[in-house]
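S.K.: Single-letter residue listing:
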Amino acid sequence: MVNGVECEADVPSSRLLIDFLRYDLGLTGSKEGCGVGVCGACTVLVDGELFASCITLAAAVEGAEVTTVEGIAEEGHLHPVQQAFIDYGGFQCGICTPGQIVAAKALLDTNPHPTEGEIRHWMMGNLCRCTGYYGIINSVAAAARNNGAAR
Amino acid sequence: MIDFQFHNPASLDEVLELLDRYGEDARLMAGGTALVLQMKQRFSQPDHVIGLRGVAQSNGIGTLDDTGDSIRIGALCTLRRLEDDEQLRQRVPMLAETMSRVATRRIRSMATLGGALVNGDPNQDPPPALIALDATVEFTSSAGTRTCPVEDIFIDYYETDVRPGEVLTAVQVPVPTEDTGAAYLKFLPRTADDYATVSVAAVVTRNADNTCRDARIVLGAAGTTPVRARPAEDVLRGRELSEEVFRAAAETVPDAVDPLDDFRGSADYKREMAGVFVRRALAQALSNAPAPYGSRLG
Chain R
266 MVNGVECEAD VPSSRLLIDF LRYDLGLTGS KEGCGVGVCG ACTVLVDGEL
316 FASCITLAAA VEGAEVTTVE GIAEEGHLHP VQQAFIDYGG FQCGICTPGQ
366 IVAAKALLDT NPHPTEGEIR HWMMGNLCRC TGYYGIINSV AAAARNNGAA
416 R
Chain C
24 MIDFQFHNPA SLDEVLELLD RYGEDARLMA GGTALVLQMK QRFSQPDHVI
74 GLRGVAQSNG IGTLDDTGDS IRIGALCTLR RLEDDEQLRQ RVPMLAETMS
124 RVATRRIRSM ATLGGALVNG DPNQDPPPAL IALDATVEFT SSAGTRTCPV
174 EDIFIDYYET DVRPGEVLTA VQVPVPTEDT GAAYLKFLPR TADDYATVSV
224 AAVVTRNADN TCRDARIVLG AAGTTPVRAR PAEDVLRGRE LSEEVFRAAA
274 ETVPDAVDPL DDFRGSADYK REMAGVFVRR ALAQALSNAP APYGSRLG
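Read top to bottom, the protein sequences are chains R and C. Residue numbers for the first sequence follow our numbering, beginning at 266 and rising by one. Residue numbers for the second sequence follow our numbering, beginning at 24 and rising by one.
Honestly, the hints are just simulated from the structure, not real lab data. Please note that a few of the clues may not be correct.
To be verified - Residues from chain C that keep clear of chain R, each with C-beta distances beyond 10 Å, as calculated:
#1 Ser34
#2 Leu35
#3 Cys171
#4 Glu174
#5 Tyr180
#6 Val185
#7 Thr247
Claimed, not checked - Chain R regions said to be covered by chain C (calculated; three or more residues, Cβ under 8 Å):
#8 271 to 284
#9 294 to 304
#10 309 to 320
Said to hold, decoys possible - Example chain R residues on the side facing chain C (calculated, C-beta under 8 Å, incomplete):
#11 Ala324
#12 Ala325
#13 Glu327
#14 Trp387
#15 Met389
#16 Gly390
Backbone N, C-alpha and C fix where the C-beta goes; we use that ideal spot for every residue, glycine too.
Model the full structure from these sequences, guided by the hints.
M.R.: Structure (structure tokens):
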């Protein structure tokens, strides 16, 4: 299951999840940065858990539910995290953004009202080389506030 | 990455069968955070990879059980799961805290406790913490089960005493007694998600008169395996717990470790920092221990 859609495919055993998503399914939102699980650009959710798709075998997550940045908007409305990144300038070149947004969504799913310290600790694994981190932290904090307003 | 045959067994019995059939040609994969990297870099080129994701629901291999005196942690519990586990945070806070210091949340969501042990990487955080807590591991094979102290499985750099046909199925962690304090310190001069330049797990048990009944001090990134600082433990036992005694214990540490030179520091620097961090870890462990009876009255 990828972004709520059942999908069946035969892949070589060595096919990485990031390549499966990008090349086999055409879901090019997730990016491959470092290729060793450190930078966070390839972050996706597997059964709701943060995963580095660049060091995950596609075959190993057979039967699981995979969510990428393409799958988090609901009914044509941007996810509050996506909207906040636009409103608060949480990105510049955009390469790290899909991973940032998936990681931030997972944080708010787990902890709807994180403190700034909790945001920093959680988002530590998603590197950004241009905007800097204040815009990102402000965006996540704003999404958390909107989260509260929506409930 | 070189292709291999991927197996996705649904039970532990199937895993054991596959291991017996393919022997040295097979590698087990839990979270894959270590193995996939090793395969990408062609350090490891197995013909068969046995994925364990489908097994996590069976045989208590993915659950955590409080048995009173100890906590049994299934080997497929992710580090994230242990970091968040309320029971573990209350019963063995040092261990839950150690988990939260490993790499990033994303890696902790994938990596498992069993994987962190059998990989035999001397820079990892869970091994020193578990050895300091006097934990034991359980291996299962088609011949039965075998248990041994966590300390005994580390042989050399990335080499562990996992025997043919065996799967590490659980870790048993004794719950520290009330008069025990524990701490895990990680020296991270570069980034917060890095391996430590040196790390220290310390567990100190004190008597009512504030003397040391027992101490276990284990270092990570201080040799080709986790390193137990036995001379420092010997200095502490029977002595009154004080900053001065911690200093004397720490002085024995540089000679007890044998770190490797790398970009996180020279061997000499790590040796010196090992002493500094042992002293700090002991002070932290003591401050985490309940006050002795005498001083509670005051």
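S.K.: Give a verdict on every hint.
M.R.: Hint check results:
no., hint, verdict
1, Ser34, "holds (15 Å)"
2, Leu35, "holds (17 Å)"
3, Cys171, "holds (29 Å)"
4, Glu174, "holds (28 Å)"
5, Tyr180, "holds (20 Å)"
6, Val185, "holds (21 Å)"
7, Thr247, "holds (22 Å)"
8, 271 to 284, "holds (count 4)"
9, 294 to 304, "holds (count 4)"
10, 309 to 320, "holds (count 5)"
11, Ala324, "holds (5 Å)"
12, Ala325, "holds (5 Å)"
13, Glu327, "holds (6 Å)"
14, Trp387, "holds (6 Å)"
15, Met389, "holds (6 Å)"
16, Gly390, "holds (3 Å)"
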